[in-house]
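Put the two chains together into one complex, using the hints given.
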Amino acid sequence: MRRARPAMVLLAFWLLGALWPGQPLQARQPSPKRECSICHIMWLTDFKRKGVKTLVPYEPRPVVETGRQDVVSTERMCFSCHDGFVLDSRFVWAERKHLHPVGVKPSPDVHVPLVEGKEVLPLNDDGKIYCGTCHSAHGVEWDNKESPIFLRAENINSGLCVLCHTNRAKGPVSGNHPLHSRPPHPPEALLAAGGQLGNKGGVICQSCHRVHGSRQKKLLVLPLAGSRLCTTCHDDKKRIRGTRHDMGAMGINAPNVRNETAAHAGVCSACHVPHKATGPRLWARPRPTGMDMISSLCRSCHDAQGPAHDKTIGRQSHPVDVSITRVGIRAELGRWRSRIERLAGLAAPVPLPLIDRRGNHARRDGRVTCVTCHDPHRWAPPGGQPMPAKADPRKLEGHGRNSFLRLPHDGRNRLCSNCHRDKPAVTFSKHNLAITATRTRNVMGQTVTEAGICSACHLPHNGRGPRMWARPPGRGAGIEGLCTSCHAEGLPAAKKQTGKHSHPVHVGLDRLPETIRPRLPLFTRQGGRNPQGSEVDCATCHDPHVWEATHPGSRAGADPDVEGDGRNSFLRVAAAGESPLCVRCHADKALVFGTEHDLRITAPRARNGKQQPIAASGVCGQCHTPHTPLAGVRLWARTPGPGRDVLESLCRSCHRQEGLAGKKVPEKLHHPPRRVPSNAGRRVGLRKQNLNPPVYTVDGKRVPVGRITCPTCHDPHRWNPARAEAGDGRRHEGTVLDSFLRHATTEGFLCSDCHGLDSLFRYKYFHWPPSRKPHPLYEDLEPKSGRARP
Amino acid sequence: MNRDRHPVSRGLVLLAMLPWLLVQGAVAADSLVGQPLRLLQGRGEQALLLPTDVAVHEGQVAVVDGGHRRIVLYDSRGRYQGAFGASGDDPLQAPVGLDIDPAGHIVVADRGTDRILIFSPTGQRLHAFAVPQRPIDVAASRDGRELFVTTNRSHEVRVYTPRGRLLRRWGGNGSGPGEFRYPATLAVLPGRRLAVVDVFNTRVQLFERSGDFVFHAGSWGVRPGRLFRPKGVAVDRRGRLYVSDSYLDVIQIFDPDGAFLQVLATPGHRLTTPTGLAVDTDDRLYVAETLANRVSLFRIAEP
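Line order of the protein sequences matches chains A and B.
The first sequence: position 648 = 632 (this note's numbering), numbered continuously.
Quick note: to get this note's numbering, add 1 to the position in the second sequence (first position is 1).
Don't take each hint at face value.
Stated by the list, open to error - Partial pick of chain A residues on the chain B-facing surface, computed with a CB cut under 10 Å:
1) I22
2) V36
3) K37
4) F63
5) C65
6) L71
7) F75
8) V304
9) T482
Claimed, not checked - Calculated from the model, a selection of chain A residues having no Cβ within reach of chain B, i.e. all distances over 12 Å:
10) P41
11) G68
12) D72
13) A78
14) E79
15) H161
16) Q200
17) P303
18) V311
19) A328
20) R378
21) I419
22) D712
What the hints assert, rightly or not - Listing some non-contacts, in silico: residues in chain A with all C-beta distances to chain B over 10 Å:
23) S64
24) G111
25) H119
26) S158
27) R166
28) G182
29) P372
30) G382
31) M428
32) H487
33) P515
34) R636
35) D699
36) F745
Treat the hints as calculated values from the structure; they're not laboratory data.
Source: prediction; values computed, not measured.
Using N, Cα and C, we set each Cβ at its ideal position, and we do this for glycine too.
Just chain B, with the same shape it has in the complex (with noise of 0.2 Å):
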């Protein structure tokens, strides 16, 4: 991408742009457009803080409320069902990701304590085992025995077992591919893949359930297409992609192969900080907004 490097003259740049450019104004006419349908926000004891993550399993969605380091429940509705995880005689530290498993076990990766928490649907605890690289997020497996997690001191993705063995690992800190700079969210796609974001690489790599790099999505920049701060991704039933951007404010999606399609447009709501995103079965948009205190649900209208 960068120009000083690749000299490539300016007219065969143009010519390869050129089926691009016209895949772009397709996009723009079948544009998909967010549309607000609540904030999970709440009020006194109920309010979010500095939420990072958003997951969300038949009907129940989970929060992690990283100022208030704790585990926010609602139901389809948005409705508070409770939250779990600042009390007890081992609180969490620092949550930042989370996930919900196919059994409905909710995953946390508390990167305070280097550690990922699995409770029960209703908060109770059940198990905890150690990752000593700071794990960032976690994403359980379709079929529920394989737990992936992101750490950001080893910058890997790690692949346990519920249980807590590691079952193997990838990544480590670079820039080529396979390779992260500060892996942050992950999401897994239907078909087994795997969604890593990459922050300091700005782009989202997809790997095969073992590892193995397949491409990546999104490059450096700030232009449409381009990540900046990439935190949060999120796979819809077509299989594609958004990807949240926390510093330009934007989510924009790609297609399942990781081509740009359009920055989400969300009329009527101003996005701040958003970071982690969950996708429902009904192709809903959960976003959480960090500075904004908030967790945005978005409808997805197709065009």
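Next up, chain A with everything else stripped away, as it sits in the complex (with noise of 0.2 Å):
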């Protein structure tokens, strides 16, 4: 049989040859039939002969483990020619496992588009999803491609996969990572993991999808794992490995919205993810409701219940939700202006980032969020103290030059005076601790020099109370509280308390006219700024930042021993002078510049109890001083003079022999001391207006039924009661109708309510010395040893 087989080929071939000439050698045209049959197998004649066995079975709709579809689009057929010697995908099929799912039926979440009821992207007879799906040979653009891809659809710009993956092509606003954004710079390792971007440079769907090829779950180019993918575009982020806020170095577990964490799907996705996000940033955790968009992303961590509970920011924290604007700052074009800048040397503003309404990012002024002072990326900021190397983060703690912070919080309150502009005068006062109290420790246990300047009183989070402040709350509501905590005995500040008797606060300036607006801050009891309910409190008056206003950037209350006055004590505005401060609430009392009572013009060297000129106790500190008085009534500034009772006391401070208004004494100094009614608005009907003079008691109390007084008739701070004016600064002989007289006409008089139609004889007889002679009408009310001067 061996010997015999070369001859029966020979024979058979030469047959062959002979019966089926040029055969072999003839050249071959393509057959359109063939052309076909390339891909489409089935439609070869060899299966339909009878008698003839095919190497492969004959299934013209042949089951799949892809499901149900002509052999031409199955996987092997296309790998058939994409195997590398024709075309090379192999990198399709390089893993397997992580491509674009096929045999399945779409997810609630494709949407297969439609066209005229026929789907564009068809699906298989079972409904799942096979390489024909996308991918079909006829009917495309092959354009001039040497290896056209043959997709139903041009995928410019994921065109083709937003047909389907509609809900992930809506960006941010539901929940996805923008598309069609330039990333911030070339993604060099993302471009040669097979990423691509679109045609103007965008983010697109395949510059972190491969559809075919990715070696990755989810079809990524890049590993999620250590967040590789994420850092290629955002280069800046990766600071955040191994710091406080890379939970798989914490070691914490907790899940995101996906159910993935940290140690799992890279450091990225314990915050952020890509596609389903619960808010803005791509929020990649369940969010706190009731605070702005940015607080409740950190809070989802941040609070009693996170993960990072024991980094909770407590009920007294920096305000956020606040617009910038609202410290004076002016940002726009990624520029900031201060409108406030009151100290020259200042380092101009740092812009830093500022939010919308919705969480992102504000194009102008925009609001004061968490990320404003905090970078969550990086632990320390340019100039502070980064991690050490191999550092443990959970046995990190952080303070004022790393903490996330995107200033430095040290010495130089870069932090803190890049917005608050005209708190960096404090350093020059004596309310800077490092000068006056270097050992007093915050509520941190912080001295001034650990903490900064402005921590050694304010805390951002966790404050005591109001004005996050730093120290335990001393005596007293709302912001007393807070400078009772130094102005009190046995604390720094015990030599400057206010005394026993002080300018009222927690009063409401509701008494005030309407037309007066003090253009002074009012408080709540609560040390809050709400318009309503808000009175008087230390703050209404004192900055504490700002030594002397019109001089905020003066060195001279950093003394320890400089005594402050009316033009500085870190009063908002100057006491000094015809007293600003004073008549901004005491509107009234401004009449008195002018008189006989400004002692500008009856004794300019005068000083008052406290050896003040008036130069700097002002018009006002002459007679009053808001602290420490020498007299509790009337916050009396003067030593009072002999009296039968407190006011007259204080009028005779000047208005004795030896006193300022020696010659200004009246002969007779007291009404007899009878009890009389005042009768306070007995005429108001009639006249419009209360003529009634106020009795008193003794302590100086004005009461119903009580003591004539001098004040009983007098003014001090009105010379003429016919007209609300100030005076001329000369000095006048005063008559009966001015000399600070309340009323210049006894009629409807309280006196003419004893003394009828002759009170005013009584009044001249008394206080006007060319009356004083002897008459007998007078005589029952003269001392018996007294006699009437000529």
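This is the structure we're talking about:
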């Protein structure tokens, strides 16, 4: 048999050659039918010949693992050309398990588009995705490409992807990574790994996903682990690794909304997901409600129940969701300009992120949020204190030079003063505890050296009182309690207490005429600035950050021994001169200026009881002082004189023989000590004003029925009762029509109640020396030993 | 072959086919059997991924590990010896075919970088030259002085010196004798001939070393002796041609004159996308099974 075989072969080929001439050497011409059968194998006639056994079975619509469709579009058929020998798509099969799903039904999230009721991207007979869903060799544009990929629709800028994945195409509004935005820098690693950018350089689906050839889950071009994918574009966010915000390094296994942990899906995934985010910034965690967007992101961890429950902000924290314009800053075109720049030499403000109400970066102005001060991806700011190498973040405790701050919060106050442009003046004052109380510690146990000047009094989070107070509040409510945390016995400012008698606080200004707008801050008893129900508090008059309002840069207040006066003393407005601070509220008292009770007119060299000249104390300050007065009544600033009641003694501080007004001492000082009714309001209806003079107790308290004393008849702040105007700056000899009298006539006046028409003469008799002649009518009023002067 | 274009009477056809059918019966009686010896597959870092070609020389086996873009070496007993080409400053991008020249140098065709690269037996890169028409496979002549390269952008066979000087070329896009539609692997036959797989023309063309066309084996179809996606070709000591078909999942054997002998039976082993082939000096057949991620070794049992 073996010997016969060569001969038989030769014979057979000879016969074939003879009977089928030219077949082997005849030039073959491509047959249309054959060209089709290159893929449509089941169209081959071999399958239809009887008695012919083919090398593969005839299955015109065979069931294959990916579903039921024509064999032409099975993966095996595709691979028979795309295996590298003809075309090379081996990358598609190299990571077969990370191929775009085929052989599965589209999920409910996927929308298969229809045109006139027909699927643009058809599914197979089982309703499943197969290669032919996206690819077809027929009716598609070949273009001039050498290797067209036969897509059923152009996939420019991921147009094909979003035909089905419509819910992924809506951008951040629907919780998806933005499309078509340019990455911050060319993502070299992403492109090298097979990612693509859109035709205008923007991010598209294929920037992160490879439909074929991915080696990662979710068809990603780079692994999630270590967040390599994210950091190719967001390179600056790499700095989060190893910090306390690296949940993997912190050993925190709190899963995100996709039930992924940082250890599994990368450090970024703990807080961000590219799709199905719960809020702005592609947030990956459940967010609490009732607060602004950005705060809700941070507090999804920094909350009592969150993984960062040991780093909460407390009830007294820096305000968020407030406009930056509130501190006088205009943010525009990435630049900040301050309208209240008061301190020369202060570094220009560094623009920090401001947010709009939707949680996006605001283009103009914008609102302060957590991320304004904090960069959650960077432990230490430039110039701060970075993490030690190989440090365990779980054992790391932050301070002002790191703690994810954008600017150092150290002795130079760069962070605080970047916004609070009027506050750095505190450095040059006694309220800089580095000058006056270096050993004092705040509630965090930090000295001013450790905490910085601002944090000696304020903590951005977990304050102990209003204004994020960093000290245990003292006596009093609201702002007063903050001041008394130092200005109290045994505390650093024990020498600077307000005294037993002091200007009242926690009083409203309801009694002020509506025409008066004090233009001074008022406060609630919680220390807030709610316009409704606000009252006078310490900070109404004082700005604790500026020693001298007219010279914020003055270093005079930095002397621990300096004694303040009406020109400084942290007053918002000077009390010196015409006491502008006082008259903002006590506007009716400004009529004293230019009268003889304005000591600039009558006693320019006078000093008040605190030995302050008028230039230091102001006009008001010669008689009144808001704190530690010499007499409690009327916050009296002078040494009281003699008198039968307190108010008389105040007047006689000056109106006594040896006093400044020694020449203005009435011959008869006292009305007989009878209790008289004031009858307030008795004639209001008739004259539209209350002309009834006040009567007082011995202690100076105004009462309905009391003693007649000096202020009963005199208004010491108004020279002429008929004209509501200040004095003319000259000295005058008074008459019964002025002379600081409350009323120019006795008609309807209190005196006439008892003395009738005679009351005026009685007044003259007692106060006007020329009238002091013996008169039988007044004999009963004359002291037995007294004698009238001529 | 197309009956519509070659209207020959059914009687004549049957008469002509009679001797051939007799031959077929004789072959069936004396059929060659591929007895599986071992699999080169590996695990972990050593695992193969989409191997496309295999070459063997003096006990060393080299495999194109296409999915990993590297070359993997085994010894004659199938033990993993190492891999190269995937790393370094200039890694392989898309290697498809390779050969080992008489000196033991490993010659690789990289369609990704349009180059032929020559490595030492241990994988040290010695030399590379550009073949801008997308090289698919390379085969060294028996004397090692020439490298035959198939290119599927120009559909040619190009002949180079080992230093990269083009000596001659032939082919072009077409279906006539000596023309190609996607030439794939090639094999140097004893007697200085060259076998070239012509994928879309579904044939294996044989050429003289000079490029002169001699004949072709195989034709279009899905019956035994027909080809649908031929990819690999190898020749044994008797000059028999082994041709793999990556879609039909078979290896078919043709005699030295191109006549179909049989479909290789591989009892107990189902071939999956067989592509590159190699036969060693003991007539053992190496088969790269691409989608199975393995290289199978068969002993060809003579009847």
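Verification of the supplied hints:
Among the interface hints, the one on I22/A holds; its C-beta lies about 7 Å from the nearest C-beta in chain B, closer than the 10 Å criterion. Using the Cβ-Cβ criterion of 10 Å, the hint placing V36/A at the interface with chain B is satisfied: the shortest such distance is roughly 6 Å. Contact between K37/A and chain B, as hinted, is supported at the beta carbon level, the nearest pair being about 7 Å apart and thus within 10 Å. With a cut of 10 Å, the hint placing F63/A at the interface with chain B holds, because the nearest CB-to-CB distance is about 7 Å.
About 8 Å separates the beta-carbon of C65/A from the nearest beta-carbon of chain B, less than 10 Å, and the hint is met. With a least beta-carbon distance of about 9 Å to chain B, the hint placing L71/A at the interface is held under the 10 Å criterion. Contact between F75/A and chain B, as hinted, is supported at the beta carbon level, the nearest pair being about 8 Å apart and thus within 10 Å. A cut of 10 Å between beta carbons decides the hint on V304/A: the least distance to chain B is about 51 Å, and the hint is violated.
Evaluation of the T482/A hint against chain B yields a violated restraint, the C-beta minimum of about 79 Å exceeding 10 Å. Not every beta carbon of chain B lies more than 12 Å from that of P41/A, the smallest distance being close to 10 Å; the non-interface claim is violated. At the 12 Å boundary, the C-beta of G68/A falls inside the reach of chain B, the nearest C-beta of that chain being 4 Å off. Listed as outside the interface, D72/A is inconsistent with that label: its C-beta sits roughly 5 Å from the nearest C-beta of chain B, within the 12 Å cut-off.
In this structure A78/A is not separated from chain B by more than 12 Å, as the shortest Cβ-Cβ distance comes to only about 4 Å. Non-interface call for E79/A relative to chain B: violated, since the shortest CB-CB distance, roughly 8 Å, does not exceed 12 Å. The beta carbon of H161/A is kept farther than 12 Å from every beta carbon of chain B, the shortest such distance being approximately 30 Å. Separation of Q200/A from chain B is adequate, the least Cβ-Cβ distance of about 15 Å exceeding the 12 Å criterion.
With a least CB separation of 56 Å from chain B, P303/A remains clear of the 12 Å interface cut-off, as annotated. No Cβ of chain B comes within 12 Å of the Cβ of V311/A; the nearest lies about 56 Å off, and the non-interface call holds. Annotated as non-interface, A328/A keeps its C-beta farther than 12 Å from every C-beta of chain B; the closest such distance is 58 Å. No Cβ of chain B comes within 12 Å of the Cβ of R378/A; the nearest lies about 34 Å off, and the non-interface call holds.
The claim that I419/A is not at the interface with chain B holds, since no C-beta of that chain comes within 12 Å of its own (minimum 63 Å). Non-interface status of D712/A relative to chain B is upheld: no Cβ of that chain comes within 12 Å, the nearest being about 97 Å off. Its beta-carbon lying about 4 Å from the closest one in chain B, S64/A breaks the requirement of being farther than 10 Å from that chain. The beta carbon of G111/A is kept farther than 10 Å from every beta carbon of chain B, the shortest such distance being approximately 27 Å.
The Cβ of H119/A lies farther than 10 Å from every Cβ of chain B, with a closest approach of about 18 Å, so its non-interface assignment holds. With 10 Å as the threshold on Cβ separation, the claim that S158/A sits away from chain B holds: the shortest Cβ distance comes to roughly 37 Å. No beta-carbon of chain B comes within 10 Å of the beta-carbon of R166/A; the shortest separation is about 29 Å. Look at G182/A: its CB is around 25 Å from the nearest CB on chain B, clear of 10 Å, so calling it non-interface holds up.
At roughly 34 Å from the closest C-beta of chain B, the C-beta of P372/A stays outside 10 Å, upholding its exclusion from the interface. Annotated as non-interface, G382/A keeps its C-beta farther than 10 Å from every C-beta of chain B; the closest such distance is 42 Å. A cut-off of 10 Å between C-beta atoms confirms that M428/A is not in contact with chain B; the least separation is 53 Å. Against the 10 Å criterion, H487/A stays outside the reach of chain B, whose nearest CB is about 81 Å from its own CB.
The claim that P515/A lies off the interface holds: its Cβ sits roughly 71 Å from the closest Cβ of chain B, which is beyond the 10 Å cut-off. With a closest Cβ-Cβ approach of about 103 Å to chain B, R636/A is found to remain outside the 10 Å limit, as its non-interface label requires. For D699/A, the requirement that its beta carbon stay farther than 10 Å from each beta carbon of chain B is met, with the minimum near 98 Å. Interface exclusion of F745/A from chain B stands, the closest Cβ pair being 120 Å apart, more than 10 Å.
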